[in-house]
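One-letter residues, chain by chain:
There are 2 protein chains.
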Amino acid sequence: MNKLKKMKRYQVGKVWRRESPALVQGRYREFCQCDFDIAGEFDPMIPDAECLKIMCEILSGLQLGDFLIKVNDRRVVDGMFAVCGVPEDKFRTICTSMDKLDKMPWEDVRHEMVAKKGLAPEVADRIGEYVQCHGGISLVEKLSKDPRLSQSQLALQGLGDLKLLFEYLTLFGIAEKISFDLSLARGLDYYTGVIYEAVLLQSPGWAGKEALNVGSVAAGGRYDGLVAQFDPKGHNVPCVGLSIGVERIFCLVEQKMKASGEKVRTIETQVFVATPQRNFLRERLKIITELWDAGIKAEMLYKNNPKLLTQLLYCEKTDIPLMVIIGEQEQKEGVIKLRSVASREEVTINRESLVAEIQKRLSES
Amino acid sequence: MNKLKKMKRYQVGKVWRRESPALVQGRYREFCQCDFDIAGEFDPMIPDAECLKIMCEILSGLQLGDFLIKVNDRRVVDGMFAVCGVPEDKFRTICTSMDKLDKMPWEDVRHEMVAKKGLAPEVADRIGEYVQCHGGISLVEKLSKDPRLSQSQLALQGLGDLKLLFEYLTLFGIAEKISFDLSLARGLDYYTGVIYEAVLLQSPGWAGKEALNVGSVAAGGRYDGLVAQFDPKGHNVPCVGLSIGVERIFCLVEQKMKASGEKVRTIETQVFVATPQRNFLRERLKIITELWDAGIKAEMLYKNNPKLLTQLLYCEKTDIPLMVIIGEQEQKEGVIKLRSVASREEVTINRESLVAEIQKRLSES
Chain R
236 MNKLKKMKRY QVGKVWRRES PALVQGRYRE FCQCDFDIAG EFDPMIPDAE CLKIMCEILS
296 GLQLGDFLIK VNDRRVVDGM FAVCGVPEDK FRTICTSMDK LDKMPWEDVR HEMVAKKGLA
356 PEVADRIGEY VQCHGGISLV EKLSKDPRLS QSQLALQGLG DLKLLFEYLT LFGIAEKISF
416 DLSLARGLDY YTGVIYEAVL LQSPGWAGKE ALNVGSVAAG GRYDGLVAQF DPKGHNVPCV
476 GLSIGVERIF CLVEQKMKAS GEKVRTIETQ VFVATPQRNF LRERLKIITE LWDAGIKAEM
536 LYKNNPKLLT QLLYCEKTDI PLMVIIGEQE QKEGVIKLRS VASREEVTIN RESLVAEIQK
596 RLSES
Chain S
236 MNKLKKMKRY QVGKVWRRES PALVQGRYRE FCQCDFDIAG EFDPMIPDAE CLKIMCEILS
296 GLQLGDFLIK VNDRRVVDGM FAVCGVPEDK FRTICTSMDK LDKMPWEDVR HEMVAKKGLA
356 PEVADRIGEY VQCHGGISLV EKLSKDPRLS QSQLALQGLG DLKLLFEYLT LFGIAEKISF
416 DLSLARGLDY YTGVIYEAVL LQSPGWAGKE ALNVGSVAAG GRYDGLVAQF DPKGHNVPCV
476 GLSIGVERIF CLVEQKMKAS GEKVRTIETQ VFVATPQRNF LRERLKIITE LWDAGIKAEM
536 LYKNNPKLLT QLLYCEKTDI PLMVIIGEQE QKEGVIKLRS VASREEVTIN RESLVAEIQK
596 RLSES
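If you read the sequences in order, they're chains R and S. Counting in our numbering, the first sequence runs from 236 upward without gaps. Counting in our numbering, the second sequence runs from 236 upward without gaps.
It is possible that some hints are incorrect.
Repeated chains share a single entry, so a pair holds when one copy, or any two copies, can fit it.
As the list claims (entries may be wrong) - Straight line, CA to CA, 27 angstroms or less: simulated BS3-like cross-link-like pairs of lysine-lysine:
{"id": "1", "residue 1": "Lys249", "residue 2": "Lys238"}
{"id": "2", "residue 1": "Lys241", "residue 2": "Lys468"}
{"id": "3", "residue 1": "Lys412", "residue 2": "Lys532"}
{"id": "4", "residue 1": "Lys412", "residue 2": "Lys521"}
{"id": "5", "residue 1": "Lys542", "residue 2": "Lys377"}
{"id": "6", "residue 1": "Lys238", "residue 2": "Lys325"}
No wet-lab data here; the hints were simulated from the structure.
With the hints as constraints, model all of the structure from the sequences given.
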């Protein structure tokens, strides 16, 4: 390993999960994820708060509608299990059941805990009281004084850090987006402190009649033990980070665009250079060179003599907004035709003002 | 396979070569490459010319100094071998020798062909006459009438396409960057038509005393048989493309920046938020929130009470241009200090004009 002890990075790339894929729910085995992580020894909760600020910034920027970030702490989860009377060897399996609370009602989760996993009913009921709590900094303060929960040192440590976190989130101006939620568990074993998960709130405007259940779109937390597991000398590097589910978000953006009648363009071409006549390849090449050299995204068919209809249909299919048309008549008169593909309106302009006119039109649209 | 018969795409990513790496020459087994390819059946040489236009655009944009793109055609190479009298089973091995002409003088390549590969000396001499030819469209025309070379139908086909290519390159305004060079062979077996390779010309301004020999920085060509090899039904998809050697170019850009005294910055941070006092974390968080929300790239140390010297040194080391400093005195007066890290000049400005002032400074720099 290298000697790097501190770093801050983001990465967009492919990641893989070990479990079997469930294509229907959009859970692929190989998928694309955007990760952001801060590694290193720092004063408590400052990098953690920054991760939540970044998550808010990204989700606001994507304009997916209202969202909420649920926050909890693994130490609060474990402390809660301990004071409720969960046997220590059942912590992980009970945690897995709890993780289903975003998809199942408490009654079903309770049934799984008691009937399938052998938890005493009164222990499950005690958990039930906690996992239905959510709120802001006042809930953190209330639970710090909770007669049962405050018996756990672990839970108190977690609650202390959450209090600090909420202070920083208030300064960052995002406290109203964050909900301390005792039902949040997060499946992954390696989390050691604060955990969080962003969920979109239904925005009926574009979700249509069928409610979209996409689960979390971003999640993360503190994982202080993971790096040491991969370091031959076991050196510890505390870490906190977040992941954004790129595929899920793509899927939502696509649905949103479809609902609003916006087309999803697969190419960025701004201008298409066409001709209705034979033997106009050289003229098209000259025009496209001018456009390219001016930084305009232009395209033409790689044919000596394409049919005009083929060229028109290609533009309509791919939603290229503008078409430049050159023919014999235009060449003779030193002009060029500019066609708006959507409105099918055509204007004739001077050949030499072509680039300026296109730049004007593109800046207006 | 899918039914895609036409496409145009670029990709930046990791690629691998089979041969052993030679780290000294910057030839890694795993490296980063930017590829651009056009696949599909089109009229001759239009996509090929576009690839060369793109190569010129990228290399000009990178401002690496003057460059030249050598162009040849595999059919001209094979035709030349045939008319010079190379036995057909020696085509590939002689081609490999010829490929070394950018690193070795003709005499050494000739020696390899004759002494090691058993080519008749007079055959090698005939090749020698051709491989020392380079020029523009006039050389293409001259060789089309060359008594020996014109006996090969293959060579004539290649020369015909090269003539068309040069016409299009002239229309694209890049003919002066292209040199038809009969010594260009390209090692890879799959090329079937036009081949090209971009080389940087020495620019003594920043190359220093030691001449930089980086070999080619971009290359490509036509490969009409490759897709069919991977299609179970052997369907043919003609292709032409180019690759840009990202690592090599990074290395050159770094050398250029070093030579000109420019520092290579590893972070993009524009503003650092600092304090000389204890217990100013909350104030720094408020300021950094304002900057972030205004889209300014800002950073601070994740410490409750960092030392001012540590903060100053961090900015100098990472070349962050601006520093915002907040302390007791400033807070009391409703002002803030803005420090230019390079000149060490400090001005005091009103707290509320902070974002506007920083945006003004950043737009000026």
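Hints, verified against the model:
no., hint, result
1, Lys249 <-> Lys238, "both (26 angstroms within a copy, 25 angstroms between copies)"
2, Lys241 <-> Lys468, "within (17 angstroms within a copy, 53 angstroms between copies)"
3, Lys412 <-> Lys532, "between (40 angstroms within a copy, 23 angstroms between copies)"
4, Lys412 <-> Lys521, "between (54 angstroms within a copy, 17 angstroms between copies)"
5, Lys542 <-> Lys377, "neither (75 angstroms within a copy, 36 angstroms between copies)"
6, Lys238 <-> Lys325, "neither (38 angstroms within a copy, 52 angstroms between copies)"
Violated hints, listed in ascending order, are 5, 6; each of the other numbered hints is respected by the structure.
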